[in-house]
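There are 2 protein chains.
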Amino acid sequence: MTAESSALTKNQEMVLGALSQAKGPMSAYAILDELRQEGFRAPPQVYRALEKLMKNGLVHRLESLNAFVACSHGACHSTGLVAFAICDQCGLVSEFSDEAVTNSLTNWIAKNQFSNTKTTIEIRGDCAACAAA
Amino acid sequence: MTAESSALTKNQEMVLGALSQAKGPMSAYAILDELRQEGFRAPPQVYRALEKLMKNGLVHRLESLNAFVACSHGACHSTGLVAFAICDQCGLVSEFSDEAVTNSLTNWIAKNQFSNTKTTIEIRGDCAACAAA
DNA sequence: CTGCGGACGTTATAATATAACAACGAGCCG
DNA sequence: CGGCTCGTTGTTATATTATAACGTCCGCAG
Ligand SMILES: [Zn+2]
Ligand SMILES: [Zn+2]
Ligand SMILES: [Zn+2]
Ligand SMILES: [Zn+2]
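In order, the protein sequence lines correspond to chains A and B. Note that the working numbering has the first sequence beginning at 314, numbered continuously upward. Note that the working numbering has the second sequence beginning at 314, numbered continuously upward.
Take every hint as true, because none was put in to throw you off.
In this list, chains with the same sequence are indistinguishable; a pair is considered to hold if it fits within one copy or across any two.
List of simulated lysine to any residue pairs, SDA-like, C-alpha gap at most 25 Å:
1. LYS431 / GLU376
2. LYS365 / GLU347
3. LYS368 / GLY438
4. LYS336 / TRP421
5. LYS368 / PHE409
6. LYS431 / THR419
7. LYS323 / ARG354
8. LYS368 / HIS390
9. LYS368 / ASN379
Hint data in this document are derived by calculation from the structure and do not stem from the laboratory.
Please put together the full structure from these sequences, using the hints given.
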């Protein structure tokens, strides 16, 4: 392997492709169905690819939906905490990293001596466009 | 009905009881297994109770675990956003509502014209005690 | 009484996720 | 070359989480 965390395999490319073209979050099974024509046959193929893609920061899991999205930034090497605003109407996912949010949460974590964490921040509602409609 | 959102039924009491006595989050099926001796037979009994309890703020769902906890405060009528710090070692769940966190997130929401939202904030890691050990 | 609505019980099934193992192929070394 | 090892893949089976659908029961308004 190179200095990179390593290149993507074919399956990983296909899963990432499906997520990148999607206009909203996709469940693992939606990905599977889309990739059946490309030869996918079973859930583990999707889940294994997703696992690797998430480890590399190319894909995020939306816990409140049990679904997945491609990282808006190509890959997430963000220093701050990543948050998602998810429109329940149109499926739009806005990935963001807000300094004030990061600071306030990391402050709480420090004050309460919580350890190395993985943090989930998900806002569910309607996006500006859908709320206006 | 009274001015209250209404009293709990027997099933709801039992589910809340199971969650209140638990030392950590419980999956719906863990609750079901615990309550089989009390006569529970099938998932819908648990899920229906949980739905009502959550609507009344007595129970919270932890999205990143697909599990449930009793509200630490008895019932949540909090004005701010509620967050959870979850210890992956011992299962301890610290429910909190931090003003700085609430403000920073609601600021982002306002700036981005997101609508009425339901917000999930979950910090996963090790609690102070477990991190020390 | 009668009809309605809410909680409940029950069966079946959907949706999400992982365990387990066989097969394959690329790289390495004898 | 032939055999080894390791990582990816394919495949089957199963575990886990959640909901649909329908019938029963019961309290209460009319
Ligand atoms: Zn990202
Ligand atoms: Zn929208
Ligand atoms: Zn609460
Ligand atoms: Zn702990």
